[in-house]
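Asks: Each chain, written out:
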Amino acid sequence: MSVTELKERHLAATETINSLRERLKERRLSLLDTDIAGYARSQGRAPVTFGPTDLVCCRALQGHTGKVYSLDWTSEKNRIVSASQDGRLIVWNALTSQKTHAIKLPCAWVMTCAFSPTGQSVACGGLDSVCSIFNLNSPADRDGNLAVSQMLSGHKGYVSSCQYVPDEDTHLVTGSGDQTCVLWDITTGFRTSVFGGEFQSGHTADVLSISINGSNSRMFVSGSCDSTARLWDTRVASRAVRTFHGHRGDVNTVKFFPDGNRFGTGSDDGTCRLFDIRTGHQLQVYHQQHGDNEAAHVTSIAFSISGRLLFAGYTNGDCYVWDTLLAKVVLNLGSLQNTHEDRISCLGLSADGSALCTGSWDTNIKIWAFGGYRRVV
Amino acid sequence: MESGGPESASPMTHRVQSLSSADTRGKHRIHAELKRLEQEARFLEEELEQLERMEKASTSCKIMLINVETKPDPLLPSSVGPLSPTWDRWFEGPQDSKSCCRCWIL
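So the sequences go chain by chain: A and B.
Under full-length UniProt numbering, the first sequence has 101 at position 101, and the numbering climbs by one with no breaks.
Under full-length UniProt numbering, the second sequence has 67 at position 67, and the numbering climbs by one with no breaks.
Next up, chain B with everything else stripped away, as it sits in the complex (with noise of 0.2 Å):
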């Protein structure tokens, strides 16, 4: 009888102790988590004072279309000056073997 006494003991103790041991862990990281929700729920709200101030998207339209209206593009059919001869480079001159002959254009 005195030998099973230290035996049950041990267990008791150890899932005691297990218990302890994930309870603290789990009190730390659920408060460093929600320490990170209170900063982020900060944040939002600040967004959302931003946004009491902010301009309608139509205002950031009309600063697109005019940014991209003014700019030179090789690409484009149509487009705004200077236009420059290197952007042609690529249909000039001999062609290794390797390129696409069927895509020579003259």
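Chain A extracted, bound-state conformation (with noise of 0.2 Å):
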């Protein structure tokens, strides 16, 4: 076959593809019959109301000396690690606001950190394209600093995001700015597998968040710079379960409803969506209508425990607190008292879901809890 022929097969699948697109994207318009909000009201629920002390700040984690990138939960409900461009992690006891590690990074560039499941590592990521293990327990040098306790090297490009598997402190998935995810066994230091990449159907452009769903760990959601979320199987990594489209801006962050069946994403668009996993169907876009101004860019997403409540960080510092029901903001933690003063760039809630916390770019670390009464329904 001549170059010639090649070229001319390649603009007709490229043409079947985009109207094959069109089509799919025409057919799921006419199976949304309604979003969240709108079945929501018909069942006649109401909007979540907060008192003005309801959700306060109870605790700030002051230490880090650079924009705060990242943070993480244990699974056992009071520590906190954060990556700060510092160049430094830090593990926190979020109860009492001390600082328990320091740890000093080989690469100062760090995008993203995580909690083992067991709680005695912890792994970093950033510019270096390789994720970082330390072991919490191993003793320090003479310094005060940590030993990389192993090295994640293979992505080609800055590592985004990582996750350890739940329950397990053997496996830990990444995303990477060279377009592709991979599931690695810490042990051996080797990819089990990798998801996308070329010639694959994978993302076309960097992956900037994952999930890993907690209740089926087989099974994680990636958002990228293609404006897409993908979510995968970890036993197929050669091609993802589902795209899912809608957004018009770099998908920078995805997270997994609680339940698992659903995941909610954050991109620079100014929107947050809510995706079903097992139909592909966009259940709800969470946008709310900026005046004259530019809409902000999400940066970062969290779900209550129950799901009931959508945290979003935006780059101009508001954290909206969304009814994900009605698709109603009923808080914004970014104009109450004692809140950050610059960008929101990470969010987190604790494993039993009594706190969130954020991170900002103007170096704190804050913990939000409920304070006022709680009434049972």
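Note that these hints are calculated values from the structure, not bench results.
Fair warning: this is a prediction, and the values are worked out from it, not measured in the lab.
Please note that the accuracy of each hint is not assured.
Computed from the model, here is a short list of chain A residues facing chain B with C-beta under 8 Å [what the hints assert, rightly or not]:
id : residue
1  : Val3
2  : Leu29
3  : Arg374
Every residue, glycine too, gets a C-beta built ideally from N, C-alpha and C.
Make one complex out of these two single chains by using the hints.
Replies: What follows is the structure, encoded as structure tokens:
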């Protein structure tokens, strides 16, 4: 076959794909007979109402000297690891506000960090394209530094996100600027699977975020600069289970819904969206109209433990609390007293759902909890 | 004149070789990309077939609403039970000097 013929077939295949995508879009639209907010209103639901002293900042964790980029809680409630532009990971006892470790990193340009399920290790990654593992029980050297206990090398671009597979200290998933996600065996340092990449059915631009399903840890979602989110099964690396369209900008953050059947996204297009993983439906768009200003970009999201609340951090310092059922902003943590003074860059909910942690470019980390009177219904 | 012969042949040969080489590389890449596109078209057709049998979004909305409303949530002012006393640990006991004293709620 000549190059000319190949190019003609390539063009025809591209046109076929564009046509199929358009038909899919139309078909999906025809199935969207309602969104969550429309359905909840039709069932008589009202938005959550917070009093002025209900959600309050109850801790400030100070110690980083640079922008905070990432944070993660342990599964046993009270410890947090944070990563900062100051080139350190800090491990905190969130209840006492004390630092238990301050880990100086080989590469200061860190973008992501994660706690292992047992809480004995932390992982981080960034512009060095490596995911580094630190064992918190290892002795520190004379300068108080922890040695790297494992380096997961192989990505050809920056490591934007990492998460341990739930209930396993030995496996971890990373997302990268090289357009792939990787499942790693930490014990050997080898890549178990690569998701996407050249000539695979994967992302066509940088991967910015990943989230592993807490109910079924074989499934994870990834968000990308290609404006899509993709659902992966770790047993089938050659092909994404599903691709989710709708965003018009980079998908900076993805997070599974607590029940594992849906996931949320946050994007440079200023919106958060909720998708159903079984059907592929986009169930809801969370968009706040701003008057004259361009919409702030969404940097990070977290769901409350029932899923009724969606916390979304924005580049302008806002942290909206959305009622997921009515698609209304019911609070803005960014406008409360004692809030952050700069972009909210990362969010995380404690394992028992009792506290939200926010990290910011203002170098601070804050913990928020419900201090009001709870009614049981 | 004889010395001119090889000189004129050499650039010509090099140009032909480089063109041929680029052509081959381009051909292989286009062929691989074509295979990927054809595979993606099959996936999209598969998804279209699935959508023919897919239920509407309202079914998923109903399932989600039921799921959300049956889970206790420590951050909600009104929640189904049971409540847990450990949820309020953030407002108990002495606080470190680094804490937000101004945020203390009793």
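Asks: Against each hint, give a clear statement of whether it holds in the structure.
Replies: For each hint, the structure was consulted:
Among the interface hints, the one on Val3 (chain A) holds; its C-beta lies about 5 Å from the nearest C-beta in chain B, closer than the 8 Å criterion. This hint is violated: Leu29 (chain A) has a C-beta 10 Å from the nearest C-beta of chain B, more than the 8 Å allowed. Nearest Cβ of chain B to the Cβ of Arg374 (chain A): about 6 Å, under the 8 Å cut. The hint holds.
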